[in-house]
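Trainee: What follows is the residue order along each chain.
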Amino acid sequence: MTPRNGLTLQTALSTHIAAGGKCFVPYLTGGLPGWEATISAAAAAGVQGIEIGIPFSDPVMDGPVIQHSSQKALDAGATPAAIIDSVASIDVEVPLAVMTYANLVYRFGYERFASELRAAGISGAILPDIPLEEAGPWCEAADGSGVETVMLAAPTADDDRLERVVERARGFVYAVGLLGITGERESLAATSKVIAARLKSMTDKPVLVGVGVSTPQQAVEVSEVADGVVVGSAIVRRILETGSAEAGGELMAEFVEALALG
Amino acid sequence: MGEPTGVGRFGSFGGLFVPETLVPALQELDEAFRDAWADQGFRDELDGLLRDYAGRPSPLTECERLGAELGIRLFLKREDLNHTGSHKINNVLGQALLAKRMGKKRLLAETGAGQHGVATATAAALLDMECLVYMGEVDMARQELNVFRMRLLGAEVTPALSGSRTLKDAVNEAMRDWVATVEHSHYCLGSVMGPHPYPYMVREFHRVIGNETAEQCAQRIDGDGLPDVVVACVGGGSNAAGIFSGFAEHPSVELVGVEPAGGAAIGNGVPGIVHGMLSFLKQDEFGQVQEAESISAGLDYPGVGPEHSHLHEIGRARYVPVTDDEVIDAFALLSRTEGIIPALESAHAIAWVSRERAQLAGKTVVVNLSGRGDKDVAQMMEIMGDKL
Ligand SMILES: Cc1ncc(COP(=O)(O)O)c(C=O)c1O
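Chains as they are written, first to last, in the numbering used here: chain B, 1 to 262; chain F, 1001 to 1388.
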C-alpha cells in the first residue's frame, strides 16, 4: 500500500506548513478496546498526522496515563501484528506513524517490521529508546522499505548532537519539550520553545514539539516557534475517562481549531 | 573480562537503548568514570573507604563441615561481612564518589531486596547527599526491614506501582525519574545491567571481589593456586561479574552463574532490549517482558547484564537454574552446618553446589556469598518456622 493520500509524512506536513498551517498530531494507543474509532475520529477532526502507539510492557518514556492505556490494551490482548493489520483496513487519508519501543520491533525483526508498516500504509515510526547511537540497523531497514524514522531531539543535546539528530530524522523532528516523560503539565515548560527554536534554526524539516503539551493554549503558545505539536496524554486521558472516541475527537478538534486560529 | 567495544558492546550484547534525553548524561558518565578510574587519587579514596568504612578485604572462609558433607573443598567469599551486609556497597561507594566528583548531589536508585537501596542510602548519608530509592510495592512488603533501614538512613523510599511491582518496575521508575532530573541527579544503578557505561563501570567497581579472591586462593590452594569452580548467584549479575573477573583469564577455572528457575533470563530467555541494554530477557513471543518469579526479591528480574549474555554465548561461563525449594534447603543447610545465614540470593549458589555435589566430588569450589540473610529471616520464618 502507498502511504495515505500518496504523500510521505514529511511531504504532507511540509505542505501544510508551507500553506501557513500548524500541525496537530495526536498520539492514540493502539489496541485499546474501540481504538479504531479513535483513529477515524482523529481524521474527522482534521489532524495532520496520527501517532499510533503499539503498547509495550515497560514504556520508560511514558507517564501514568499512557502507562495505564498501554496496560489496558495489553490486557485486552493487543499485539503488534494485530494492530498493524487493523490499521491496514482503517480507511483514513491522514499520514500515520507508529510509536513503540525497541524490543517489540527487534523481536518482530527490523526488516519485517518495516515492510509490514509499509504494507499497512503506515508512513513513519517513532522509537524513543533507539537513539542515534543505536539507530543504524533499524534505520537501514526502515529506509529500505521507505518508512520514515522520526528522531527525538532533547533539550540535553548540544548543537553538534542536535545537528546529527536532525540529519537522521525523516517525517519530522520530534522536539522533546521538557526534561521528563509523557504526561500533562500545568503550564508549558520554558524548554519547549527553546528546543523548538534551536531546531528551527538548523533545519527545514517540520519541527513538532511533544511531551508536556497538554492544552490547546499550550499548543498555540509553543507553535509560535514550532511547526506544531504532538499531544498524547491529554487525549488518551479524555478517551479513557469517557470511553468515547467522539469525546476524544472533540478534544482533538479543539486543538486543530486553536492552532488554525493561532 | 575487558573493556566493551563499540557502543558498550560485550560481543553482540549491551548498548545504549535509552531515551534521547539521557544519552548526553550517559556519555558524560562514561567519560567521568574512565577519567576517575585512571586517577590514582580517586582509586586511593575509594580503596580507603572500602577498607576503613566497608571492612574490606572480606575473608575467604573454608567450610570444613559443609565441604565434608558435600565431598568437596568449599570456600566462601564473605561479601556478607561487608558493611550493610552484601557486595552492593562496593559499587555504591564507587558511584557515590564519582557522582560527587561530577558535582551531582542527589542519588537515585532502584532496589529489589533492598540491599542496593540500603547501600545507596548509606553512601548518601556518609557523603552528605540526597537519596531517593524506588522499590516495587511487592518488595516493600516482603523486605519491610530494609525499607525501614533506608528511611532511618535518611533516604526517601517510593513504591513502584506499575507492572509486576518488583525490581523491573523499580528500574522503570528510576529511569523515568532520571529523565526528568538528569541535570542534578546521578542514577546509581545497582547491577551490571542497564545502558552503557553501567555494565562495565559496575563490574569494575566489583572487580575488587575477584582480585581479593584470586589472591586469597593463591595463598590457600596448593599447586596452581586456583579453584576448579567459581559459583555465584545471578540477578543482574554484579556479584558474579565481580568474582568472575578474578578468574576469567584462567581457562581451567569453571565459572557458574546460578539463576532462579522462575527468573532465568539466560536459561529461559532470548535476546531482547529493555532497560537500555540488549541482553537475554524473559519475554513472550511478541517481545513483552515477562515477570520473574523468585523467592528472592534480589533475583526477581527478567533480564541479566549483557556481559553475562556474552560469557554464555562464547561458552566461558555457564548459567544454571535452581528452584525455590532447593534454595530454602540451602538456606537452612549453610545456617546449620557453618553458622552462616546466607541471603536468599546467595543461597542460590549454595543450592546449586549442594545439588551437583556428585559432579563436583573432590573439587575445590569457591562460592561468592554475596550477602547475609538477616533481611530474609522474617520471610523464611513464615515459610519454614513451624518445621523447626
Ligand atoms: C545479597 C544479594 N546477592 C545478589 C543480589 C543480586 O544482584 P547481582 O546479581 O547484581 O549480584 C542481590 C540483589 O539485591 C543481593 O542483595
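Since the hints were derived computationally from the structure, they do not count as laboratory data.
One thing to keep in mind: the hints can contain errors.
[Said to hold, decoys possible] From the structure, some residues in chain F lie toward chain B, with a derived Cβ separation under 8 Å:
hint: 1; residue: V1018
hint: 2; residue: T1021
hint: 3; residue: L1081
hint: 4; residue: L1152
hint: 5; residue: L1153
hint: 6; residue: E1183
hint: 7; residue: G1272
hint: 8; residue: Q1288
Note that the structure is predicted; figures quoted are calculated from it, not measured.
We put the beta carbon where it would ideally sit given N, CA and C, even for glycine.
Trainee: Give a verdict on every hint.
Mentor: We went through each hint and held it up to the structure:
1. V1018: 6 Å, holds
2. T1021: Nearest chain B Cβ about 4 Å off; hint holds.
3. L1081: 36 Å, violated
4. L1152: 30 Å, violated
5. L1153: 27 Å, violated
6. E1183: This hint holds: E1183(F) lies near chain B, its Cβ roughly 7 Å from the closest one there, short of 8 Å.
7. G1272: 5 Å, holds
8. Q1288: 4 Å, holds
The structure fails hints 3, 4 and 5 (numbered hints given earlier, in ascending order).
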